[in-house]
Amino acid sequence: MTDRRRINGPAEGTTPPVFLTSSTHKPVIKRSPTTLRKIFLKTSLTPPATGSAFLELPTPSNPSTPTLKLTASVYGPRPLPSSTTFSPDARLTAELKFSPFSTPGHRRGYIRDGVERDLSAQLSIALEKSVDVGKYPKSAIDVFVSVLDCEGGLGDAGDGNDGGVEVGLMGVVAGAISCASAAIADAGIECFDLVAGGVAGLIRERGGVVEEDHVGEGMEAGEDISGARHGEKKNRGIALVLDPSPTDGYIILAAAAVGYMAARDELTLVWTKGSMGREGDGTDEVERLVDGAIAAATSVRLVINEAVKERLLLGLKEIGLIKEKAGGNDGDIVME
Amino acid sequence: MPISILPPQPAQSRLPPDPDSDHDDEKVTLNEDGDFVRMASSQKRPKAISIVTPGEIVTSDPQWMRGHGTYLLQSKDSTTDGSGSDAEMEDGADTAAVGGSGGGSIVATVAGTVQKVNKLLSVKPLRARYAPEIGDLVVGRIMEVQSKRWKVDINSTLTAHLLLSSINLPGGILRKRTSTDELQIRSFFSEGDLLVAEVQGLFQDGAASLHTRSLKYGKLRNGYFLKVKAGGIVRGKSHIITLEAANGAGEVDVILGVNGYVWVSKKVTLQAPPGGESITRLEEEASEAIYSNVNEDIAPATRREIARIGNCVRAMVSWNVRVDEEVLNAVYLSALELEEMGIDGEGSIGSGVEYLEGEVGRIVVLAGMDRVSSANLRAGGMVE
Amino acid sequence: MAPLQTSQQTGTPLSPAELSYLHTSLTLTPPIRPDSRTPTQFRPLFAESDILPSTNGSARMIWGDGGECIVGVKAEVEKNSISSGGPRDWIETNVEVSGQRDDDAFLGMTVAESLLVPGSGVLERLVLGERFHWKIFVDILLLTPPLSHPATLLTLTTYLALRNTFLPKLVSEAAEDPVFDDDWGNGLPLYPVDRIPPPITLLVVNVGENIFFDPTREELAVGDVVLAVSICEKKVVGVRTLEGGSGGVKREAVKRVIKESCEVAEEVFSSLNGVGEGD
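Protein sequences appear in the order of chains A, V and G. So in our numbering, spot 218 of the first sequence is number 218, and the numbers just go up one at a time. So the number in our numbering is just where the residue sits in the second sequence, counting from 1, plus 1000. So the number in our numbering is just where the residue sits in the third sequence, counting from 1, plus 2000.
The set of hints was computed from the structure by calculation and includes no laboratory data. Treat the hints loosely; a few may be bogus.
Counterexamples of contact, computed for chain A against chain G with all Cβ distances above 12 Å [what the hints assert, rightly or not]:
no., residue
1, V18
2, E56
3, S124
4, V165
Some but not every residue of chain V turned toward chain G, in silico, with C-beta under 10 Å [to be verified]:
no., residue
5, L1220
6, I1290
7, N1293
8, R1304
Cross-link-like lysine-lysine pairs, in silico, DSBU-like; alpha carbons within 35 Å at most [said to hold, decoys possible]:
no., chain 1, residue 1, chain 2, residue 2
9, V, K1229, V, K1216
10, A, K135, V, K1237
11, A, K42, A, K97
12, V, K1237, A, K138
13, V, K1151, V, K1124
14, A, K135, V, K1148
15, V, K1216, V, K1124
16, A, K42, G, K2074
17, A, K97, A, K309
18, A, K97, G, K2169
19, G, K2259, A, K38
20, G, K2255, A, K135
21, G, K2255, A, K317
22, A, K135, A, K309
23, A, K42, G, K2169
24, V, K1229, V, K1116
25, A, K309, G, K2250
26, A, K317, A, K42
27, G, K2135, A, K38
28, V, K1119, V, K1267
29, A, K309, G, K2259
30, A, K138, G, K2250
31, A, K138, V, K1124
32, G, K2169, G, K2255
33, V, K1267, V, K1237
34, V, K1176, V, K1237
35, A, K138, V, K1216
36, A, K135, V, K1176
37, A, K38, A, K317
38, V, K1151, A, K138
39, G, K2135, G, K2079
40, G, K2250, A, K135
Keep in mind it's a predicted model, so treat the numbers as computed, not measured. Ideal Cβ positions, reconstructed from N, Cα and C, are used throughout, including at glycine.
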């Protein structure tokens, strides 16, 4: 007798539908190593928060490839809970969380792991120095960043890029810094300067030719890149790449992420990975990398400025102070 | 040489020549060998120091009263026979004869030395947190501000209290406190501020109550705070020492808190007001600036000597030498001498020789002790 | 000794007068550190290696302010598996701070990140034939956390332990199950002398124009920026910004910190390599 209480599946198995993907064509990197990706940044998207921002990097040519998407929300300044001790300054806490579905490989649990704690700490260091905490005694400013989607390269099991250092986390940190700083500005919290995050990497130049001519030709992450790398061992030409993405397929020898306050020309965060020599041909690799990351952050800063300004103009327009259309083409701030 | 990595040394070689110098009345005297402190202590205490461990019966003699570090064990076996307790009392040789005479026995609760003051018997632990006593001069740090009092960290088991009514309020030394003072309590002391105070009394739970109602006490400025172990500073005659610093640095004050907190600062001389010389006037003037957080101008030379004196105190405590005016002065002079030698002599230790940790500290402390003993020798010769 | 729970650690701030005194002293030229050290001078430390007989390598270090750290390195044979993350999982680092429940995420991350830097050649030495590999557990036990930041203490001890780690010699063929030489005397060092050594991390604080190594807690409190610079044989393998510091820092200062760290690291390496030679 058949079971009538349940809806039974068909007696014979079905095959799940297969959707046609456009993954057949290879991701072609069009940008040169020193070109940054465009950034979509918009503030005040989370109404309950005092300030918020959303940051997204452009979808690559292949829509199924993940891209970096994150939101930041700022709560505060609000009174510190009575249990905490007196603090003459505002206490800024930052928490960075990966959504369980954000990573391309494994699902991430909800429980905060070491990586998240580490990134949260770095984020709060980067932001704390920009906020004028002395203006808000006995208060707390809480920043929450949640990563909705990221490009991988997090050093997780299965990423398997054993040829170089992973820049995924650095990209996340840099994005989180920029996004959170825009959210802090959106919250109307007094700060000395906005912080922009920037990432730069060093890659080995191939055959003395500038990398950009060659990047297009099938350097995919899945390919056996270690062989290619060993072949180039003798060639000491090292090129700088700005805003590297784990999906670009570079073998990154060393990478740096910075939090940079452009108006004050000061760094709030420096994080490097990978070994950087000091001998070489006179130019110090560390200095080159840090300068590169600063250059990237300076460009990102322009986007933050525009995004913050745009929201402000929008607000002014709403209350009728400004009649004409404010600059910017509806939030999609484009940076070249 | 920026870094020195040494093999660990056995504990003995790090121990000082003189582990006990905690008697207030102990004069630095000298013996035939000129080995002053050790002889002084052995002269004072010809008996071997009796060390007890927790649970050990110190005495069953009912004539003793129990003090700190002991408890009274009501002996159940006093009715049966005294042999059991006798056997346990192998160390308390002089009291072993007294058995079950109805009372209990005094049992140690800490490991340390037995101290007998009149009929009071207490065990002093070798290392413990600071236990405040009335009259102690302490250096403390404000931990919490409450509505009428501050909670002060004095390195003790409980935080000390400083009542708003036990500080000098600005604008006259004997002013009554008002509600305005309560509202601006943070303008006197705020979290993190350092102060020097005296233990005025003890609460039931052993927490200390401090006061700063004297011009000697109050907020600390113009200097550097350092922390040594709680037993490192022993109660003495004077806890505020003024040293004449070398290299034109002027006078440097050292405040040795009994709780192991030490403050080394530039000596601040109170400017007498041009008109009146009366002491009350002076105090009024002083009280205006008494809660300021702004340092005076301190010359680099003074800063250097403040650091050096701080190092001397640290070295003396780590080599278990009693810190008092005479010895500190001598050790400081030795430190100065060492620096001269270091720069003139071997270039290898020329840099950073002012830093007195490890072996350098030991040399300096020993040299300072020698200096004291030779000075005593001379003084003794003159007397004779 | 249990961790001290005094104002030194509970986060009570320093008084404004103290901070200003320290800051002015440290920005002078030449700077005056509160304990009269030169800017590059370290507090003396005691170290010994090979202290735990049941490990492949171990070391212990006592810091000037009482911090004490023990590192034990153990190696186990493990089958290569596809599901695990590949060679980057072959070295596992754990930091345990006694008396502290929540370990600082930073500590483990720094050590692991700099140990696994590409091109260090360690992972190649862990391969055991075709199907097996060594799995190295680096267990760092911070018996007494130092009053200042533990990063330097931790990595120096790890360096010593790894330098003294020996693995039994493989006598079997690549395709067989691994069989090892019984004689410990034939053991192979994990980090041979002529190869790239393990990295160390130096803590550097920048105050005004001056740079200080091995900062104390007070010096950290007045610093502009606190950087942990990991160095491995003349190469910088990682820079991280630590909590603390009062504001941003110019890029020139960061570069100078890194440059000076490399120079100081040279001396630290030579001192570390001298440990144990005396016995």
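TODO: Could you check the structure against the hints above and give me the numbers of any it violates, in ascending order?
DONE: 3, 4, 6, 10, 12, 16, 18, 21, 23, 27, 28, 29, 31 and 32
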